[in-house]
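So the sequences go chain by chain: Y and P. Position 185, counted from 1, in the first sequence is what the working numbering calls 185; the numbers after and before it change by one each time, with no gaps. Position 268, counted from 1, in the second sequence is what the working numbering calls 268; the numbers after and before it change by one each time, with no gaps.
Certain hints may be false.
[To be verified] To be clear about the criterion: a stretch of chain P counts as covered by chain Y if any three or more of its residues have a C-beta under 8 Å from a C-beta of chain Y, and this derived list gives those stretches: (1) 21-30; (2) 130-138; (3) 270-282; (4) 470-483.
[What the hints assert, rightly or not] Derived, one-sided and incomplete: chain Y residues facing chain P with beta-carbon distance under 10 Å: (5) Thr-94; (6) Ser-116; (7) Leu-175; (8) Ile-186; (9) Asn-190; (10) Gln-192; (11) Ala-193; (12) Ala-243; (13) Ala-295; (14) Arg-320; (15) Ile-346; (16) Val-363; (17) Ile-403; (18) Pro-412; (19) Arg-415.
[As the list claims (entries may be wrong)] In silico PhoX-like links for lysine-lysine, alpha-carbon gap of 20 Å or less: (20) Y:Lys-282 - P:Lys-476; (21) P:Lys-432 - Y:Lys-16; (22) Y:Lys-405 - Y:Lys-61; (23) Y:Lys-230 - Y:Lys-282; (24) Y:Lys-286 - P:Lys-476.
Quick caveat, the hints were computed from the structure, so don't treat them as lab data. Cβ coordinates follow ideal geometry from the N, Cα and C atoms, glycine included.
In case you want the letters, here they are:
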Amino acid sequence: MPYIANTQADREEMFKRIGCADFAEMWRQAQVTVPEPSLDKLPHGLSEFEVVSNLKNLAAKNASELVNFLGAGYYDHIIPAAVSEITSRTEFYTAYTPYQPEASQGTLQAIYEYQSMICRLTGMPVANASLYDGGTALFEAMMMSVRATRRRQVVISEAVSPIFRKMIECYSTNLDIELISVPAGIDDSNQQALLDAVTDATACVMVQYPNVFGTIEDWAEFTDKVHVKKAMAVCSTYPIALALLTPPGELGFDIVTGEGQSMGIPLSFGGPYLGFMSVTQKLMRKMPGRICGRALSHTTDSEGHDGFVLTLQAREQHIRRESAMSNICTNENLCALSALVYLSCIGKQGLIDVAQLCASKAVFAREQLLAIKGVEPVGGDAFFNEFVIKLPTDAGEVVGKMIDKGFAPGFPLGRYYDDRRDQLLVAVTEKRTREEIKALANALEGVLWN
Amino acid sequence: MELIFAKSKEGRKGTSLPRTDVPVASAIPEKFRRQKPAELPEVTEQDAVRHYTLLSRKNMGVDTNFYPLGSCTMKYNPKFHERIAVLPGFADLHPLLPQLRHGGGLTQGALAVIYEAQRTLSELLGFADCTMQPLAGAHGELTGIMLIAAYHKTRGDQKRKIMLIPDAAHGTNPASAAVGGFECREVATDSEGNVCIEDLKSKLGQDVAGFMLTCPSTLGLFDKNVKEVCELVHQAGGLNYCDGANLNAIMGRVRPGDIGFDVMHVNLHKTFATPHGGGGPGSGPVGVAECLVPYLPVSRIDKRDDGTYALQYHCDDSIGYIAPFYGNFGVILKAYAYMLSLGREGFKRVSENAVLSANYMRVRLKEHFAQKVDRVCMHECVMSASPQAEKGVHALDIAKALIDRGFHPPTMYFPLIVPEALMIEPTETESKETLDEFIDALIEIAELVDTNPEEILKCPVTTPVRRLDETAAARKPVVADLA
Chain Y
1 MPYIANTQAD REEMFKRIGC ADFAEMWRQA QVTVPEPSLD KLPHGLSEFE VVSNLKNLAA
61 KNASELVNFL GAGYYDHIIP AAVSEITSRT EFYTAYTPYQ PEASQGTLQA IYEYQSMICR
121 LTGMPVANAS LYDGGTALFE AMMMSVRATR RRQVVISEAV SPIFRKMIEC YSTNLDIELI
181 SVPAGIDDSN QQALLDAVTD ATACVMVQYP NVFGTIEDWA EFTDKVHVKK AMAVCSTYPI
241 ALALLTPPGE LGFDIVTGEG QSMGIPLSFG GPYLGFMSVT QKLMRKMPGR ICGRALSHTT
301 DSEGHDGFVL TLQAREQHIR RESAMSNICT NENLCALSAL VYLSCIGKQG LIDVAQLCAS
361 KAVFAREQLL AIKGVEPVGG DAFFNEFVIK LPTDAGEVVG KMIDKGFAPG FPLGRYYDDR
421 RDQLLVAVTE KRTREEIKAL ANALEGVLWN
Chain P
1 MELIFAKSKE GRKGTSLPRT DVPVASAIPE KFRRQKPAEL PEVTEQDAVR HYTLLSRKNM
61 GVDTNFYPLG SCTMKYNPKF HERIAVLPGF ADLHPLLPQL RHGGGLTQGA LAVIYEAQRT
121 LSELLGFADC TMQPLAGAHG ELTGIMLIAA YHKTRGDQKR KIMLIPDAAH GTNPASAAVG
181 GFECREVATD SEGNVCIEDL KSKLGQDVAG FMLTCPSTLG LFDKNVKEVC ELVHQAGGLN
241 YCDGANLNAI MGRVRPGDIG FDVMHVNLHK TFATPHGGGG PGSGPVGVAE CLVPYLPVSR
301 IDKRDDGTYA LQYHCDDSIG YIAPFYGNFG VILKAYAYML SLGREGFKRV SENAVLSANY
361 MRVRLKEHFA QKVDRVCMHE CVMSASPQAE KGVHALDIAK ALIDRGFHPP TMYFPLIVPE
421 ALMIEPTETE SKETLDEFID ALIEIAELVD TNPEEILKCP VTTPVRRLDE TAAARKPVVA
481 DLA
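Let the sequences and hints guide you as you build the complete structure.
Following this line, the structure appears as structure tokens:
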């Protein structure tokens with residue numbers, strides 16, 4: 001069904017009005033003279049019922065019910081039902097970018113509240129209305145540092161998500177940017193090597209907190225040393241962890257980005273997700289993306305109501321065109337709304353409780369797994385809810401066997417790190433129960449030793 | 001309305017969490033611990049739900065108002081799409097599953113959706129292949145630009161540093177070309193609204209990588225010379241990029257791949273009826289001609305002879321990873337549902353009806369407003385309020401008066417080559433009655449310009465806030481309430 005409103009009678013009236021006999025003549029008058037294509041290779045249209053059945057069948061072919069210890073930046077957290085109830089409000093989801101502030105105060109205030117919560121969580125004074133995902137957000141942060149420092153060399157730690165690093169590598173290909181990748185330590189970012197890589201030409205150093213191995217590192221002195229060389233310190237972070245960890249804003253970072261999927265957004269096979277970004281006051285006007293700000297009424301006879309508008313638009317593509325701060329045109333608005341409602345419902349204590357549950361269960365899971373013969377720790381002095389274990393054999397093969405037993409036991413790091421073929425990255429969220437964790441350990445022991 | 005933070009009260013809770021079933025512990029050393037909790041609200045679930053429900057009522061959306069925002073294709077979003085996207089088999093699927101050993105078998109349904117959507121788009125657009133990965137329209141543009149760059153680079157043709165872009169183009173075109181490492185040069189539009197061939201010829205040369213053309217144009221017109229334009233660019237060794245923002249005008253009627261375009265992005269949130277979400281998430285798949293297939297981003301999805309789907313991560317010439325995974329899957333899913341609903345007959349019916357509605361609008365409005373070009377348009381008509389502006393009422397004022405009359409305004413002040421532009425895109429899902437109401441309102445406003453312009457300048461008066469001072473807001477920005 002093509003959802004067309006007009007009837008044949010409507011069309012005839014309209015044709016008469018515009019002076020065309022039919023569609024063929026309309027196309028001709030519109031100067032569309034190219035031959036009409038045949039779409040016979042495509043199937044016939046279906047009814048709602050048929051499409052739903054068809055897609056339900058496809059949904060059933062996906063193993064979404066595996067017990068999930070897979071994370072690597074994308075986590076299986078609890079999502080209160082209120083989140084989707086609000087994002088399902090069609091006043092929110094059928095609107096577009098709030099170009100007309102008077103007709104979009106709902107969206108605009110939501111963005112403002114979202115920006116405020118991102119600031120409070122990350123400890124930074126300024127945030128934007130969101131970007132596509134954590135990887136593109138980190139790339140935009142890198143470009144912002146390039147613009148702000150007028151330097152073209154950037155340093156990135158290999159303890160940053162390999163998924164993000166591959167994206168940054170891809171985007172940098174045609175730009176005159178020197179991307180220096182610094183190998184990680186056993187479970188850390190090798191801060192000394194990162195600092196050694198910083199030169200007078202370095203725009204920024206990009207790290208992850210906690211890093212891709214789950215390790216929490218001390219960045220306070222590091223950022224000072226980066227600043228001494230007049231470079232910027234950029235970190236990508238995990239918002240749920242920030243309930244318990246010192247916020248990046250207190251550690252001296254200039255730009256904070258991250259993947260916001262963990263805040264009320266389903267895993268949904270890779271998107272849509274949420275890239276968040278917050279910066280220092282000094283960088284506000286260099287930031288990419290939409291920004292919402294407070295505004296006063298303009299009309300002289302108004303009651304002076306406070307409202308919200310998109311602001312600092314002089315940075316953006318529709319004004320600056322090729323000199324814009326970025327080519328981004330929208331934000332990831334509905335996902336930002338999800339994060340906002342999530343943070344509102346979970347609340348101040350709730351987010352701490354979620355994070356504490358993750359932390360407790362991760363400690364428990366690590367103990368259970370390390371009790372298995374042949375399973376050894378890899379680092380693990382300081383972590384939040386994700387850690388690395390070393391298996392006596394290839395982790396990728398073990399994972400394959402664990403899947404047959406109903407578990408997604410973690411991510412085999414060998415996929416991205418050649419020297420880590422026997423390492424498994426295990427994530428534990430508040431959704432996992434004691435029984436599931438024990439069952440994971442039992443199954444792993446079975447796979448390794450039976 | 002006060003912020004959610006104002007409703008906060010110490011100790012109030014909005015959610016319940018599972019009891020701790022393991023010993024309370026943590027591997028976070030004391031020195032890394034946050035000293036002061038993040039000042040998130042402390043509200044009940046009801047507080048939050050009421051707050052955001054009330055906020056939603058301060059919005060106009062397609063479901064509440066006619067929303068003829070030009071170049072944005074604000075068509076109806078079928079409701080069953082939303083139900084499909086939340087099916088656990090899709091919504092709970094971890095994107096890293098297919099990267100695990102034997103993992104491909106775990107996500108066959110999801111891979112089928114992406115692959116089939118990609119095949120449908122390729123067929124519909126006349127391209128050899130598609131990538132569904134780009135996360136929005138502008139992201140699709142950047143992807144397309146990078147494909148063009150890779151093509152020239154592989155051929156050792158490294159001096160092509162210029163991207164030609166018409167003066168009427170969307171701002172994202174030059175911005176994307178710049179992020180892709182190109183210099184932009186503008187091509188003029190002629191008096192009929194077509195690409196100025198002479199100007200194009202004068203700018204084509206061995207330094208030109210490609211030409212980014214919106215088809216139909218941002219004036220809502222089909223360029224009768226489009227094939228010639230594409231040929232000229234090819235003869236000069238460049239490639240043709242099609243900005244597909246306006247695909248709703250030609251879907252099923254013209255296949256851009258057939259007329260000389262080499263690469264094109266489409267906006268699933270426009271043409272394929274997925275929600276705009278108040279500004280995202282979108283999705284901007286990119287279709288390519290044969291010559292660009294080797295450069296498509298990884299991972300790629302292939303269908304094997306046995307009917308199963310597999311991801312390919314290693315393609316020698318690929319530009320690499322532009323997205324974390326396979327695209328905005330939830331959006332692709334809804335667009336695929338729409339493609340299945342339309343079927344081979346539906347695509348052209350959509351574009352025919354969209355074009356008819358825009359022309360009806362144009363014919364009824366043209367006596368009251370100016371036009372840059374007076375000819376049959378495509379899916380949107382661009383009016384100019386320059387006659388009204390001479391009397392002190394500008395496009396912005398007309399927009400605000402429309403809000404008071406219950407309509408979301410059209411796109412204003414774009415394209416830049418039309419002064420006081422009002423770009424109106426009605427879409428095929430709106431009825432003639434709705435169009436008539438909107439047209440009548442615009443005519444009434446145009447008449448008011450002569451009789452009582454002050455009344456228009458005061459608009460809007462029915463909205464939660466009156467006109468806001470955007471200049472002052474940008475001068476002293478307040479962009480967050482910090483705790």
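Results for each hint:
1. 21-30: holds (count 9)
2. 130-138: Held - the segment 130-138 of chain P has 4 residues with a Cβ nearer than 8 Å to chain Y, which meets the minimum of three.
3. 270-282: holds (count 9)
4. 470-483: holds (count 11)
5. Thr-94: holds, 4 Å
6. Ser-116: Y:Ser-116 check passes; min Cβ-Cβ to chain P is 4 Å, inside 10 Å.
7. Leu-175: holds, 5 Å
8. Ile-186: Nearest chain P Cβ about 16 Å off; hint violated.
9. Asn-190: At about 18 Å, which exceeds the 10 Å cut-off, the nearest Cβ of chain P leaves the hint on Y:Asn-190 violated.
10. Gln-192: violated, 19 Å
11. Ala-193: With a closest approach of 21 Å, the Y:Ala-193 hint is violated.
12. Ala-243: holds, 7 Å
13. Ala-295: It holds, given that the least Cβ distance between Y:Ala-295 and chain P is near 4 Å, below 10 Å.
14. Arg-320: Where the cut-off is 10 Å and the nearest Cβ of chain P is about 7 Å from Y:Arg-320, the hint holds.
15. Ile-346: Holds, about 5 Å.
16. Val-363: holds, 4 Å
17. Ile-403: holds, 6 Å
18. Pro-412: holds, 7 Å
19. Arg-415: Result: holds, 6 Å to nearest chain P Cβ.
20. Y:Lys-282 - P:Lys-476: Given pair Y:Lys-282, P:Lys-476 holds - Cα atoms ~13 Å apart, limit 20 Å.
21. P:Lys-432 - Y:Lys-16: Distance of about 13 Å is within 20 Å: holds.
22. Y:Lys-405 - Y:Lys-61: With Cα atoms ~17 Å apart, Y:Lys-405 and Y:Lys-61 stay inside 20 Å; holds.
23. Y:Lys-230 - Y:Lys-282: holds, 14 Å
24. Y:Lys-286 - P:Lys-476: holds, 15 Å
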